[in-house]
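4 protein chains.
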Amino acid sequence: MAVRTAEQYYESLRNMNQTAYILGEKVEDITTHPLTRGQIAGVAQTFALTKDPEGRKLLVAHSDLTGEDVNRFTRLYESSDDLLTKVKMLKFLSQRTGTCYMRCTGMDAINATAVVTYDIDAKHGTSYNKKFLEYLKYVQKNDLVVWSGVTDVKGDRSLRPSAQSDPDMYVHVVDKTGEGIVVRGAKIHQSGSLCANEGLILPSREMRENDSDYAVAFAIPADTKGMIHVYGRGSLEARVLEGIDLGNVDFGKFCPMVIFDNVFVPWERVFMCGEYEFAGPVVRLFGSYHRHSHGGCKCGVGDVLIGAAAAIAEYNGVPKASHINAKLVDMIKIVQAMYGCSLAASIEATQSNSGVYQVDSVLANTSKLFEGQEYHEVIRLLVDIAGGLVADIPSEKDLQNPDIGPLVEKYLKGAEGVPVEDRMRMFRLIEKLAFETRDIVSNIHGGGSPEAHRMTLLRDTDLEPKKNFARRLAGIKYEE
Amino acid sequence: MAVRTAEQYYESLRNMNQTAYILGEKVEDITTHPLTRGQIAGVAQTFALTKDPEGRKLLVAHSDLTGEDVNRFTRLYESSDDLLTKVKMLKFLSQRTGTCYMRCTGMDAINATAVVTYDIDAKHGTSYNKKFLEYLKYVQKNDLVVWSGVTDVKGDRSLRPSAQSDPDMYVHVVDKTGEGIVVRGAKIHQSGSLCANEGLILPSREMRENDSDYAVAFAIPADTKGMIHVYGRGSLEARVLEGIDLGNVDFGKFCPMVIFDNVFVPWERVFMCGEYEFAGPVVRLFGSYHRHSHGGCKCGVGDVLIGAAAAIAEYNGVPKASHINAKLVDMIKIVQAMYGCSLAASIEATQSNSGVYQVDSVLANTSKLFEGQEYHEVIRLLVDIAGGLVADIPSEKDLQNPDIGPLVEKYLKGAEGVPVEDRMRMFRLIEKLAFETRDIVSNIHGGGSPEAHRMTLLRDTDLEPKKNFARRLAGIKYEE
Amino acid sequence: MAVRTAEQYYESLRNMNQTAYILGEKVEDITTHPLTRGQIAGVAQTFALTKDPEGRKLLVAHSDLTGEDVNRFTRLYESSDDLLTKVKMLKFLSQRTGTCYMRCTGMDAINATAVVTYDIDAKHGTSYNKKFLEYLKYVQKNDLVVWSGVTDVKGDRSLRPSAQSDPDMYVHVVDKTGEGIVVRGAKIHQSGSLCANEGLILPSREMRENDSDYAVAFAIPADTKGMIHVYGRGSLEARVLEGIDLGNVDFGKFCPMVIFDNVFVPWERVFMCGEYEFAGPVVRLFGSYHRHSHGGCKCGVGDVLIGAAAAIAEYNGVPKASHINAKLVDMIKIVQAMYGCSLAASIEATQSNSGVYQVDSVLANTSKLFEGQEYHEVIRLLVDIAGGLVADIPSEKDLQNPDIGPLVEKYLKGAEGVPVEDRMRMFRLIEKLAFETRDIVSNIHGGGSPEAHRMTLLRDTDLEPKKNFARRLAGIKYEE
Amino acid sequence: MAVRTAEQYYESLRNMNQTAYILGEKVEDITTHPLTRGQIAGVAQTFALTKDPEGRKLLVAHSDLTGEDVNRFTRLYESSDDLLTKVKMLKFLSQRTGTCYMRCTGMDAINATAVVTYDIDAKHGTSYNKKFLEYLKYVQKNDLVVWSGVTDVKGDRSLRPSAQSDPDMYVHVVDKTGEGIVVRGAKIHQSGSLCANEGLILPSREMRENDSDYAVAFAIPADTKGMIHVYGRGSLEARVLEGIDLGNVDFGKFCPMVIFDNVFVPWERVFMCGEYEFAGPVVRLFGSYHRHSHGGCKCGVGDVLIGAAAAIAEYNGVPKASHINAKLVDMIKIVQAMYGCSLAASIEATQSNSGVYQVDSVLANTSKLFEGQEYHEVIRLLVDIAGGLVADIPSEKDLQNPDIGPLVEKYLKGAEGVPVEDRMRMFRLIEKLAFETRDIVSNIHGGGSPEAHRMTLLRDTDLEPKKNFARRLAGIKYEE
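Residue numbers (our numbering), protein chains in the order written: chain A, 113 to 592; chain B, 113 to 592; chain C, 113 to 592; chain D, 113 to 592.
Treat each hint with caution, since some may be false.
Heads up, the list lumps identical chains together, so a pair's fine if it works in one copy or across two of them.
[What the hints assert, rightly or not] Okay, derived cross-link-like pairs now, BS3-like style, lysine-lysine, Cα gap no bigger than 30 Å in a straight line:
1. K509 to K242
2. K589 to K432
3. K337 to K138
4. K235 to K522
To be clear, the hints were calculated from the coordinates, so they are not data collected in a lab. Please read all numbers here as calculations on a predicted model, not as lab measurements.
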């Protein structure tokens with residue numbers, strides 16, 4: 113059971129009882145709802161591809177914790193090689209889904225929690241790490257999908273958690289009992305909350321002493337009472353039933369808001385509670401891990417972008433145009449920079465006190481900065497290469513209309529030998545890749561916003577030795 | 113009647129009988145269909161704002177042709193000042209619609225046709241120019257909305273018109289009679305074809321002798337028999353009925369494919385027929401005019417982008433963050449470059465043989481190059497400033513659901529004093545501005561694709577004097 | 113005499129008695145010193161080209177002040193057209209010198225002083241404007257070269273003038289007598305101080321009440337007692353005698369530090385003295401004027417850069433390579449953006465209270481932002497196109513050495529028919545254009561540093577109407 | 113002796129008898145000539161730093177070939193780890209020299225030759241590889257500095273070697289005897305030719321059958337008869353004796369043209385002779401290795417650029433300005449991208465038939481593309497942060513002049529407590545870092561020109577699987 117099948121995963125979802133709303137209505141079965149099933153199909157690939165020979169090598173690995181083979185998404189980063197393999201696994205999966213499969217945030221949160229609970233215990237004499245590793249064994253043995261709740265709704269962004277006019281703008285502890293704690297607040301943009309078995313909830317920023325109630329980390333099942341998942345709309349969601357026009361025919365993405373309306377968490381699932389000085393470290397470490405993940409997954413999607421550009425140039429009849437080649441090079445360059453910096457962040461990883469490896473933060477954030485800015489240009493280049501038909505291509509229904517269908521087909525023909533339907537499908541995929549809000553906004557804001565990456569990059573760069581290199585060459589005396 | 117009201121325009125549409133299909137179904141009334149009415153409302157602003165004092169100055173001008181005041185969209189460019197005013201008029205209208213109002217292509221095509229028919233007549237002794245000016249009087253007197261049909265479907269893009277396996281990949285003459293000509297083919301991305309009274313159809317590329325049948329220009333009513341408008345899908349079309357979630361609450365855009373299924377055109381409406389060496393000039397001139405137009409309209413939309421960024425920063429509680437200010441500067445810089453180069457292209461305009469003024473092509477294409485590339489970064493900056501809620505914000509229906517509405521409202525609160533609905537509306541507008549395919553793809557491919565702008569820029573730059581400047585400074589002898 | 117000849121200008125310099133140091137030695141005759149004569153030759157072009165038919169149209173204009181034709185460099189901006197012509201004049205001159213000719217700062221300072229003295233008088237009842245116009249008549253009648261002293265040395269840049277530990281870090285009044293004032297301090301990067309007849313000195317930043325002594329503007333002859341010009345080194349200065357290796361064979365540039373060591377200024381030449389609230393306006397207006405100037409002159413140099421790139425491609429044998437064409441387009445695009453925005457800033461000019469026209473600050477600063485950033489990429493593209501020989505090309509002396517000269521000539525051959533000497537000359541010109549510190553640093557920091565341009569751009573953009581455009585489209589109620 | 117000392121290296125140079133010309137004059141002793149000694153001091157660091165504990169770890173490694181510890185610059189890449197260590201060694205050395213130390217080209221050429229001679233032998237039954245490994249033992253045992261001669265002068269760049277009007281535009285075999293071959297031609301931009309003991313000469317491009325004489329690889333001592341080194345000028349060379357004004361006080365760079373005027377090479381030093389189909393592979397492999405090297409060394413110089421920017425901000429009094437922090441982030445981002453992609457190219461290395469490891473070409477070229485373009489922006493940012501004093505700062509001699517020295521010192525003061533001399537030194541270093549042609553042109557053209565990197569990137573990217581990823585997601589059938 114430590115490596116589940118896709119069917120076991122589907123069954124586990126059907127056995128759960130999440131409270132979820134979509135466009136104002138309560139949802140019965142997320143595995144079949146047209147607006148959610150594409151995402152669940154994406155997550156299911158993390159199980160299904162363990163049967164693929166290449167996938168198995170990347171997705172399945174031995175866990176020292178359980179002594180068994182487990183799904184890598186539930187595993188600790190025990191070496192630089194593990195981090196390298198993670199990047200390659202995510203690239204592999206994204207090449208095959210063209211979007212998100214929702215398990216990286218959980219994996220990254222698991223590792224960040226493993227590192228920081230160890231440090232909390234060392235300072236405060238608590239036993240969070242032990243509790244957490246017990247929890248992790250449970251996750252590994254059952255190959256659970258874990259969603260990581262980090263981003264709070266934040267209210268007025270200029271105010272700290274405890275300074276907000278409504279104290280619930282960040283998730284916080286509102287009660288403590290002998291059995292556990294009660295939390296309130298809301299997390300937003302929750303990748304995978306509605307296709308997960310479990311949630312691992314972390315603070316979303318550094319905290320000061322008077323924010324102590326907000327310094328809370330814990331795990332709960334995704335259908336815990338009081339937790340409400342609210343679907344958020346995406347630009348292309350309305351195409352979910354429409355064949356060719358769907359773009360990505362199997363997979364999709366969305367990220368709910370999750371409201372914690374007085375949710376109870378038992379003590380054995382509480383991994384931080386008031387140790388405010390560790391809120392910053394855990395979210396920053398999560399952030400670095402997750403930016404490192406993006407270097408893999410967005411590179412995989414990048415391969416799809418590049419492939420779609422090359423394919424549509426072929427379908428349009430101009431596969432060899434020199435300006436198209438130049439644009440392909442520009443696309444490849446950025447995608448490789450993201451990938452290269454993530455690989456390098458793995459190589460330059462260091463071991464934490466807990467034994468878990470931490471990526472090089474400067475390189476991981478560098479990778480993410482390219483995703484947040486230059487990757488948007490990669491998408492523009494895709495649209496540039498594809499041509500105007502990315503917008504305003506007639507629908508599949510026009511193609512099927514007996515009166516105009518033959519005319520539509522006649523006039524949408526491209527290069528000789530390319531079926532019109534294939535060309536339309538490729539344009540629809542490109543529309544999806546370039547204009548689906550969830551993917552594009554995630555490029556920019558996923559794993560923290562660009563300004564956060566920039567501040568992290570600067571804080572984690574030691575400028576002093578660099579100044580001394582300059583002073584030495586200039587013939588200026590200085591003290592090391 | 114030479115300056116119509118919005119109501120007169122609506123009535124004229126209701127009196128027409130276009131053949132149009134939307135998502136596989138024939139349309140009855142485009143003025144009320146949810147997928148088309150937003151665009152018509154945009155066009156109607158070009159009439160309605162003639163009542164606005166500021167708008168009137170820009171939109172209404174005297175025509176030497178008719179001796180009356182006419183709507184500027186039907187008028188010839190009689191001076192550099194006319195070209196300057198055009199840019200400002202388009203900026204003004206876009207600030208108020210946030211999208212396209214569909215009459216620039218007609219205006220630009222009218223002027224290109226006026227210039228080139230004069231030159232054809234001078235060479236071939238034809239009388240196209242006189243016929244065309246008669247037609248233009250009719251347009252001016254009735255303040256007609258003219259759509260310009262330029263972009264052919266093109267089939268295999270590596271092949272010339274006459275070399276395609278299907279001869280209909282470019283619009284061409286298939287028959288000539290004493291009364292007129294019969295044309296076949298299809299034009300794609302036809303801004304405004306389905307909200308126009310008339311169409312002015314031009315070739316889309318230079319032609320060679322064996323492409324003579326494709327060198328054809330003509331005008332016809334937009335509901336002429338045999339002409340079929342097929343709606344093309346956009347990323348956010350499905351929101352057309354949804355209040356807050358609509359984004360831009362009044363206005364919208366789409367660009368049909370228009371099929372010419374053996375359409376008859378009487379001789380008095382034919383303005384080029386076989387003079388293949390003028391196909392290039394007319395489309396290039398149209399192109400330069402239209403890139404010049406974009407410098408105005410996209411700068412107006414740019415003001416909306418900048419305004420939305422500044423407003424959402426305020427709603428989020430961080431109007432003064434230094435990185436947000438820096439991003440606003442980057443946005444303004446690009447938008448001003450587009451605007452400045454279009455103004456400059458007006459100043460540097462020269463008079464053609466026909467008397468009509470031609471913009472400076474290098475400056476007009478420079479403006480468009482910024483729109484095609486750097487403007488995409490302006491949009492990214494808007495999303496960057498706004499934050500992750502551009503994707504996955506819950507729907508208006510969630511807000512109205514009695515069970516979760518109050519919670520959704522509570523948790524989507526931003527800065528003190530800003531109604532949640534206003535914040536949601538602004539995020540929805542930003543979603544629309546950043547992710548509506550029709551607008552974004554038009555930034556890149558409207559008025560020709562980036563590579564076309566680049567080739568034009570290079571062809572229209574005289575490198576010889578510049579080489580001589582360099583030679584002279586280097587002390588190299590040369591002949592002027 | 114109101115339009116001098118080059119010879120008259122040279123003679124005027126020989127009749128002056130500046131105190132100047134170059135590399136630690138006092139200079140006797142700046143018109144012949146190898147490190148200064150190239151610059152003076154550049155300035156002399158502003159006289160010599162008044163004899164050129166095209167040059168005359170740009171350089172000579174009627175002055176309402178004197179009733180005579182004067183050199184445009186001494187004239188007020190009396191209309192938008194004047195500002196347009198200024199841009200074109202500067203472009204014309206830079207195409208012919210490939211560097212700076214030093215008279216724009218004076219022209220821009222003259223105009224800024226004319227505008228602001230008028231406003232000071234209106235508020236304070238002073239008579240600065242009248243005194244200034246008298247002075248200007250004297251300048252116009254004698255066609256004097258005026259250098260503008262703006263940039264102070266600034267000491268610790270985080271401190272205001274009056275807060276510096278040494279009070280002389282900004283030029284300030286140290287004594288006032290019945291005859292005039294005594295000033296002390298130093299200005300740095302003084303374009304043209306050592307080839308000017310007169311200096312017009314302005315404050316370099318806004319001032320507060322306790323900085324009143326620093327709010328001082330005045331004019332003095334460039335050889336006034338106590339004024340010391342100290343030459344600053346440039347990267348390629350050592351080539352000044354070396355024929356081919358010189359790069360730009362006739363013209364050069366440098367910008368001294370000018371020390372005011374207790375310099376006396378008579379009252380009739382004092383145009384601001386203590387009215388601290390006008391220090392900001394005068395320097396900002398000077399800044400906008402001067403950024404507007406750069407849009408002309410750097411576009412002229414840009415034509416040389418583009419011409420050199422096109423010429424060297426030809427000399428290398430690859431004039432038609434598609435990637436070189438693409439790079440030329442990128443070069444042209446940026447140069448045209450600078451030019452276009454400067455032209456547009458002229459068109460959008462407004463009349464000040466004094467009657468003098470003020471450029472549109474947003475457009476003028478936009479132009480300069482491209483110069484400060486993207487223009488550096490233009491230079492990189494020049495080097496990219498030219499190839500590695502921009503560095504490490506053997507010297508003219510190697511070419512002339514009897515033992516190796518024939519071998520050097522043999523192996524430096526490029527395309528058939530291009531003399532090796534021409535190819536070497538072009539490479540040397542490119543080296544000069546791309547690596548002369550004075551030009552490149554001026555691109556970035558001339559007319560204020562990029563951050564100053566950015567702050568000005570943001571301050572001078574009114575965001576409120578733009579926010580309202582967005583609110584209106586989103587359906588949000590607001591008050592105008 | 114397998115790891116020499118700096119003194120042994122200097123002695124070896126003094127014992128050689130190179131034919132070299134500098135500015136038209138024959139050179140006696142390159143170790144003392146002011147224009148060459150700075151470079152030799154840089155090379156000497158590759159010996160001296162073997163005594164440094166950190167340096168030793170990077171610079172000294174065991175060779176399987178000789179069974180001894182050798183200097184890594186003479187060693188084969190026996191693993192991915194070797195390639196990683198190479199990148200780090202180069203970064204380490206560049207941080208300490210701020211420029212080039214000239215031994216990478218040799219190291220990269222050695223490895224490329226080892227790989228390709230093996231493949232030639234496999235195909236042609238030759239014994240180049242064995243001869244080459246014997247030669248390499250000699251290099252390793254004597255720790256020789258090897259310069260790699262790749263770039264030919266190329267004549268008309270549109271013509272192949274055998275199509276040039278002068279057959280000597282590429283180095284080629286002009287005679288073969290029983291003892292060896294005679295070669296003629298010239299190599300340009302020869303990093304280190306004048307501070308090397310040996311030269312390893314390779315073809316500079318792919319060849320076709322009729323270019324066979326040009327497909328030649330060989331090794332010779334750097335003072336072989338008939339070989340003439342001609343110094344090429346640099347922008348800041350004239351400062352070589354001038355203390356503070358020197359910029360980089362100890363180290364420098366230049367790259368001669370090397371003429372092969374009928375040079376004899378014995379057969380045991382010939383490693384390719386006519387096997388034209390291997391000319392492309394050896395130069396491409398050298399190119400990938402060398403772009404990989406740049407990711408290390410230019411990242412080390414990048415650390416100096418960043419350090420100089422941070423230091424000068426401090427000296428100017430504005431170390432905490434938010435726009436300066438933002439610019440530092442932009443600098444770090446690009447430098448890290450170069451470094452990260454080079455590390456990643458090591459990780460993704462594969463073993464060649466010869467056993468030597470080959471870097472991942474796509475990642476190595478990606479790194480170089482950033483150096484060739486965005487790194488130029490890093491340099492602009494340095495100048496932007498530093499301010500205008502990068503140009504036109506008075507000289508050390510002005511500082512020492514008794515009349516004006518105290519005034520110059522007074523007015524060049526920056527932040528409290530920073531000696532003026534230190535501030536001047538830092539500005540001079542920045543001038544050197546930003547404007548020394550040899551370094552900047554090498555960023556762009558070193559290791560091949562940008563277009564070469566782009567073509568390599570595209571050729572070495574397999575687009576087919578990427579197209580299939582896109583097809584699969586779009587629901588298009590395809591054959592793998």
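Verification of the supplied hints:
no.: 1; hint: K509 to K242; result: neither (58 Å within a copy, 44 Å between copies)
no.: 2; hint: K589 to K432; result: between (57 Å within a copy, 23 Å between copies)
no.: 3; hint: K337 to K138; result: within (15 Å within a copy, 49 Å between copies)
no.: 4; hint: K235 to K522; result: neither (73 Å within a copy, 37 Å between copies)
Consistency with the previously given hints fails for numbers 1 and 4, ordered from lowest to highest.
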